[in-house]
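K.L.:
With the hints as your guide, set chain B onto chain A.
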Amino acid sequence: MAKKDTKKKGTEAPKVNENCGCLIDEFIVENSPDKERLCSIQEADFEVFTDPDAEKVSNEFYIKNQTDGLPIIPPTRSRVDKFLKYSDLKPEEIIAILPPKRGKTTLEKVAINAVMAGCLSNFMPVVQHAVKAVSQEKFNLPGINATTHPISICAIVNGPVSTELAINSGAGCLGPGNIANATIGRALRLSMINIAGAVPGIGDHATMGSPAKYSFCFAEAESESPWEPLHVEIGYKSDVSTVTMMAAEAPQNVNDHRSTKAEDLLDTIIHTAAVAGCNNSHVPGELLIIMGPEHAKTVYDDGWTKDDVKKYIHEKAIVPVELGDRGGRKLDEKWIIEGMVKITRSPEDVVLVVAGGPGRHSMVAPGFGTSSESVTLPLTLKDGTAAKSVDDFKKR
Amino acid sequence: MKVKIIEREVLNPLADTEALEVEINPIPEKIDSISLVDNTKPNADVLLDTIRENLKFKNPINVRKPAGAPGTDEQIKQAQADLSILALGDCGSCTTWLILDAIKLEKQGTPTISVCSDIFAPFARELAESYGAGGLRIVEVEHPLAGQSRKSIENKGQKLINQIKSIID
Numbered sequence: 001m002a003k004k005d006t007k008k009k010g011t012e013a014p015k016v017n018e019n020c021g022c023l024i025d026e027f028i029v030e031n032s033p034d035k036e037r038l039c040s041i042q043e044a045d046f047e048v049f050t051d052p053d054a055e056k057v058s059n060e061f062y063i064k065n066q067t068d069g070l071p072i073i074p075p076t077r078s079r080v081d082k083f084l085k086y087s088d089l090k091p092e093e094i095i096a097i098l099p100p101k102r103g104k105t106t107l108e109k110v111a112i113n114a115v116m117a118g119c120l121s122n123f124m125p126v127v128q129h130a131v132k133a134v135s136q137e138k139f140n141l142p143g144i145n146a147t148t149h150p151i152s153i154c155a156i157v158n159g160p161v162s163t164e165l166a167i168n169s170g171a172g173c174l175g176p177g178n179i180a181n182a183t184i185g186r187a188l189r190l191s192m193i194n195i196a197g198a199v200p201g202i203g204d205h206a207t208m209g210s211p212a213k214y215s216f217c218f219a220e221a222e223s224e225s226p227w228e229p230l231h232v233e234i235g236y237k238s239d240v241s242t243v244t245m246m247a248a249e250a251p252q253n254v255n256d257h258r259s260t261k262a263e264d265l266l267d268t269i270i271h272t273a274a275v276a277g278c279n280n281s282h283v284p285g286e287l288l289i290i291m292g293p294e295h296a297k298t299v300y301d302d303g304w305t306k307d308d309v310k311k312y313i314h315e316k317a318i319v320p321v322e323l324g325d326r327g328g329r330k331l332d333e334k335w336i337i338e339g340m341v342k343i344t345r346s347p348e349d350v351v352l353v354v355a356g357g358p359g360r361h362s363m364v365a366p367g368f369g370t371s372s373e374s375v376t377l378p379l380t381l382k383d384g385t386a387a388k389s390v391d392d393f394k395k396r
Numbered sequence: 397m398k399v400k401i402i403e404r405e406v407l408n409p410l411a412d413t414e415a416l417e418v419e420i421n422p423i424p425e426k427i428d429s430i431s432l433v434d435n436t437k438p439n440a441d442v443l444l445d446t447i448r449e450n451l452k453f454k455n456p457i458n459v460r461k462p463a464g465a466p467g468t469d470e471q472i473k474q475a476q477a478d479l480s481i482l483a484l485g486d487c488g489s490c491t492t493w494l495i496l497d498a499i500k501l502e503k504q505g506t507p508t509i510s511v512c513s514d515i516f517a518p519f520a521r522e523l524a525e526s527y528g529a530g531g532l533r534i535v536e537v538e539h540p541l542a543g544q545s546r547k548s549i550e551n552k553g554q555k556l557i558n559q560i561k562s563i564i565d
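If you read the protein sequences in the order shown, they are chains A and B. Take 1 as the starting number for the first sequence in this note's numbering and just add one per residue. Take 397 as the starting number for the second sequence in this note's numbering and just add one per residue.
Read the hints as simulated data drawn from the structure, not as lab findings. Computed from a prediction, not measured in an experiment: that's the story for all the values here. Everything hinted at is true.
Listed below are the simulated DSSO-like cross-link pairs for lysine-lysine, each with C-alpha atoms no more than 30 angstroms apart in a straight line:
hint : chain 1 : residue 1 : chain 2 : residue 2
1    : B       : 552       : B       : 454
2    : B       : 503       : B       : 555
3    : A       : 56        : B       : 400
4    : A       : 330       : B       : 555
5    : A       : 138       : B       : 503
6    : A       : 330       : B       : 500
7    : B       : 473       : A       : 138
8    : B       : 547       : A       : 330
9    : A       : 388       : A       : 85
10   : B       : 500       : A       : 132
11   : A       : 85        : A       : 394
12   : A       : 138       : B       : 500
13   : A       : 388       : A       : 138
14   : B       : 473       : A       : 334
15   : B       : 552       : B       : 452
16   : A       : 261       : A       : 297
17   : B       : 400       : A       : 64
18   : A       : 330       : B       : 452
19   : A       : 316       : A       : 138
Excised from the complex, chain A in its bound form:
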């Protein structure tokens, strides 16, 4: 577009609109009938930027298999940029390669999916580390994403960040109602769909899927637990924040209102967990126990340590071989003891956390069996130092 002459010799240069080169003087000619437009060169006199319509964008993304079926927040540049500020990595830095599509997982792609999920920008450090954790070899994401099994990915947050982000560890911590619990897990799922290519029926072959695949994220109720929290048990200091990612089925409730002794209560848990149809019945592996604080108190008051609980569950959670050996993978004889199979390989396989509000309920969720191990990552900056707050990640 040709710009108008902007200088006159010997006189002060007239004011010029920088966008089109029109003389400001011309704009302000009053009562001129041909001045319906401020500027005849530009297509428009004013450009007003608006956010895209969420309903329209949601529908467009949905049609392209880029959502979980729920509406999304449109991932505009300005929204994504706010999320990118909560990481000390560059937007183009690759934090993982995710199967089955082998998607290059840049920080920006994670941020886009976190925006879509409805996260707040300061959830980014948790989402970033959660995605990195599931890419570790021992997690077996190729299997987890593609399987016909309804395995979901559970995120357990420990340490000060869980309080800072108000991740629910109390009443209703498995949902609904809390933005962090609802959207951090959802950001991970959208990342699986869009970055990894785990689109249901295409890269994710779950026979039925699971409600837990929408989001499965909570914090451990560390102050309510009589025992050391998960991250301390693993070896981190209590003031380090961690995210533990575990492939887990949707949780199954354990209603026990009557037991007053540890053994009785744990037996209720065991009889809920030791079922024929879980993967662990033929390929023993991790078992998640989310113990309600009231249940934990009963067990603790009876004198049981966390180790005692884990050993007891490991020893007693067994299924008969003839029932266990009906799974997809042949039961290895090494797991069979007197016609029974333990659903965990060792007490360490019992992943025990305390969470939830008042009430006499716990939850159990079998893992993917021998084929996946949970991964705990501390929330660290690029140089390896543990972040004390999500604000530590903010770009200076």
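P.N.:
Structure of chain B alone, referenced to chain A:
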């Protein structure tokens, strides 16, 4: 006055993919050693028995590997031969690790044929493509294989024989 309303653009949530290339090994004219890899899926053994009996391989190496997880280094090493036939991909995770282990064998110089059910074969091919092994040899057997009688699996296995013969010959 003319006002133009511009909707802000949305960013693409899809990731770029990593370009890889895996060379698929030709099957030698004379096959002196063959490995049959059973991933312990129900009826994988029946299919491999059918293949073994019909193709009359001498002293095949029988290997067992996990279904929903990678074969161990030892299992993969054991499966190295002039040709390796792997069965069975008839679900998501087992197809994944059948194909990824076949690719591992190809990388180590062993030509492979992977047996997948016709329902999961398209995914198997897409996965192989994602890992740079678009030409991986995959033969199809009619789904379902699990929870079926031995006779029905043997019948399905018979239909595999011609497919495998046409690849080998």
